[in-house]
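Bring the two chains, given one by one in their own frames, into a single complex with the hints.
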Amino acid sequence: GAVVSQHPSWVICKSGTSVKIECRSLDFQATTMFWYRQFPKQSLMLMATSNEGSKATYEQGVEKDKFLINHASLTLSTLTVTSAHPEDSSFYICSASPSGSTDTQYFGPGTRLTVL
Amino acid sequence: AQSVTQPDIHITVSEGASLELRCNYSYGATPYLFWYVQSPGQGLQLLLKYFSGDTLVQGIKGFEAEFKRSQSSFNLRKPSVHWSDAAEYFCAVGGPPIKAAGNKLTFGGGTRVLVKP
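Quick mapping for you: the protein sequence lines, in order, are chains W and L. The numbering of the first sequence is the numbering used here, which starts it at 579 and goes up by one. The numbering of the second sequence is the numbering used here, which starts it at 211 and goes up by one.
Incorrect hints may appear among the rest.
[Unchecked claim] Straight-line distance between alpha carbons at most 27 Å, and here's what the computed DSSO-like set of lysine-lysine pairs gives: (1) L:K259 - L:K278; (2) W:K592 - W:K642; (3) W:K644 - W:K598; (4) W:K619 - L:K271; (5) L:K259 - L:K314; (6) W:K642 - W:K619; (7) W:K598 - L:K314; (8) W:K633 - W:K644; (9) L:K314 - W:K644; (10) W:K619 - L:K314; (11) W:K644 - W:K619; (12) L:K326 - L:K271; (13) W:K592 - W:K644; (14) W:K619 - L:K259; (15) L:K271 - L:K314; (16) W:K633 - W:K598; (17) L:K314 - L:K278; (18) L:K314 - W:K633; (19) L:K314 - W:K642; (20) W:K592 - W:K619; (21) L:K271 - L:K259; (22) W:K619 - W:K598; (23) W:K642 - W:K598; (24) W:K619 - L:K326.
[As the list claims (entries may be wrong)] A short list of chain L residues far from chain W (calculated; beta carbon distances all over 10 Å): (25) L229; (26) N234; (27) G272; (28) P289; (29) H292; (30) A297.
Worth flagging that the hints you see were computed from the coordinates, not collected in a lab. Positions of the beta carbon are idealized from the N, C-alpha and C atoms, including for glycine.
Chain L on its own, in the form it takes in the complex (with noise of 0.2 Å):
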């Protein structure tokens, strides 16, 4: 059975400073993985995806993910937080999708971030 681990609950940044949000999945096969970001009265907006090549993926907003096999993880990073970046992120992983299926996703528990003027 697929899981992720979101190991930070909550996360206090300064704005300007840098953030790292952790995940964790267990998968059998190789992790479809992605990140999704949910604001406050708004649906959950696709960050960034890794399927296969480059370990580093670039997303949307400025932020990025890196992709560890040997640590079965795909940790979410940000140079420099804006205030605008306050919301829940959430881990999600998958596997290739089935014809008829789609790709069924797993959610890890979310990290809500909160920024410090």
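For reference, chain W alone in the conformation it holds in the complex (with noise of 0.2 Å):
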């Protein structure tokens, strides 16, 4: 039980366009999703807090208009980079929390995202 899909699972894109990443809470529903950052041989750092129906909470120094995160149900969040640079390219992960156990968070595979 608790998996977590993501969708894609790398993507290439150009300069200045946007990518959307899916995010799945498959057997569970999730009211809290979170999306991670995580550069090569790194950690994770937190992105942003996404809660069903709200707002998403952004960490600071995290811009809330390049990355739109939208949590439409208890089961998807997405991510959209937009007008992507190649700075942007990174490995970008989520986590969701079940909504009967919210102290615990159950990780997606992740996305590795390459702009060229």
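Given below as structure tokens:
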């Protein structure tokens, strides 16, 4: 149980385009989902907290107009990287907390974004 | 502000030998502590967690961790490693979940474990 999927697993896009990444909780409902960014051989940095039906809460230094987050249902959150630039290339990871057990996060496999 | 330090960036261990990964945290209240493992091409998998109670916590895959409040530590151990334990291990700290915000986690830098045959 507690499976989280991400789609796509990897994506290559041209500079200036937008890319949408989906995060789904497959076997539980998640009131809260989180988006992280992981640089090569580094740790995870929290970008934002996504709550179903409300606006996301962004961490300091994260541009909310660049990284658009939508949490439209209890099983789906999306991250859209707008006007992508090469410096946005990274590994993006989502996690979800079950609605009945918000003390633990379950992680998706991640999405590798490469911006050319 | 909360923080996590994993002093060892890399650890190499022989298969069958014991393993201990260090984790020190800084948190202003009672911490919620986690260990995750990240294998290549896979997502982070929860090994174990500590919220309260018995300070020695058993997890999956034969791992255990001990919470020592006086040392602000939550070290992960395994008595006998298998080649499949080669991966990146992350310690994380958070607080009690806030209803609307869940449980924000701060991760350590990670420790990469290499297993020699």
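Now the hints, each set against the structure:
no.: 1; hint: L:K259 - L:K278; in the structure: 14 Å, holds
no.: 2; hint: W:K592 - W:K642; in the structure: 21 Å, holds
no.: 3; hint: W:K644 - W:K598; in the structure: 12 Å, holds
no.: 4; hint: W:K619 - L:K271; in the structure: 24 Å, holds
no.: 5; hint: L:K259 - L:K314; in the structure: 14 Å, holds
no.: 6; hint: W:K642 - W:K619; in the structure: 25 Å, holds
no.: 7; hint: W:K598 - L:K314; in the structure: 23 Å, holds
no.: 8; hint: W:K633 - W:K644; in the structure: 15 Å, holds
no.: 9; hint: L:K314 - W:K644; in the structure: 22 Å, holds
no.: 10; hint: W:K619 - L:K314; in the structure: 22 Å, holds
no.: 11; hint: W:K644 - W:K619; in the structure: 24 Å, holds
no.: 12; hint: L:K326 - L:K271; in the structure: 18 Å, holds
no.: 13; hint: W:K592 - W:K644; in the structure: 16 Å, holds
no.: 14; hint: W:K619 - L:K259; in the structure: 24 Å, holds
no.: 15; hint: L:K271 - L:K314; in the structure: 25 Å, holds
no.: 16; hint: W:K633 - W:K598; in the structure: 17 Å, holds
no.: 17; hint: L:K314 - L:K278; in the structure: 22 Å, holds
no.: 18; hint: L:K314 - W:K633; in the structure: 16 Å, holds
no.: 19; hint: L:K314 - W:K642; in the structure: 18 Å, holds
no.: 20; hint: W:K592 - W:K619; in the structure: 24 Å, holds
no.: 21; hint: L:K271 - L:K259; in the structure: 14 Å, holds
no.: 22; hint: W:K619 - W:K598; in the structure: 24 Å, holds
no.: 23; hint: W:K642 - W:K598; in the structure: 14 Å, holds
no.: 24; hint: W:K619 - L:K326; in the structure: 21 Å, holds
no.: 25; hint: L229; in the structure: 20 Å, holds
no.: 26; hint: N234; in the structure: 14 Å, holds
no.: 27; hint: G272; in the structure: 20 Å, holds
no.: 28; hint: P289; in the structure: 25 Å, holds
no.: 29; hint: H292; in the structure: 22 Å, holds
no.: 30; hint: A297; in the structure: 13 Å, holds
Violation of the numbered hints given earlier is absent; every hint is satisfied by the structure.
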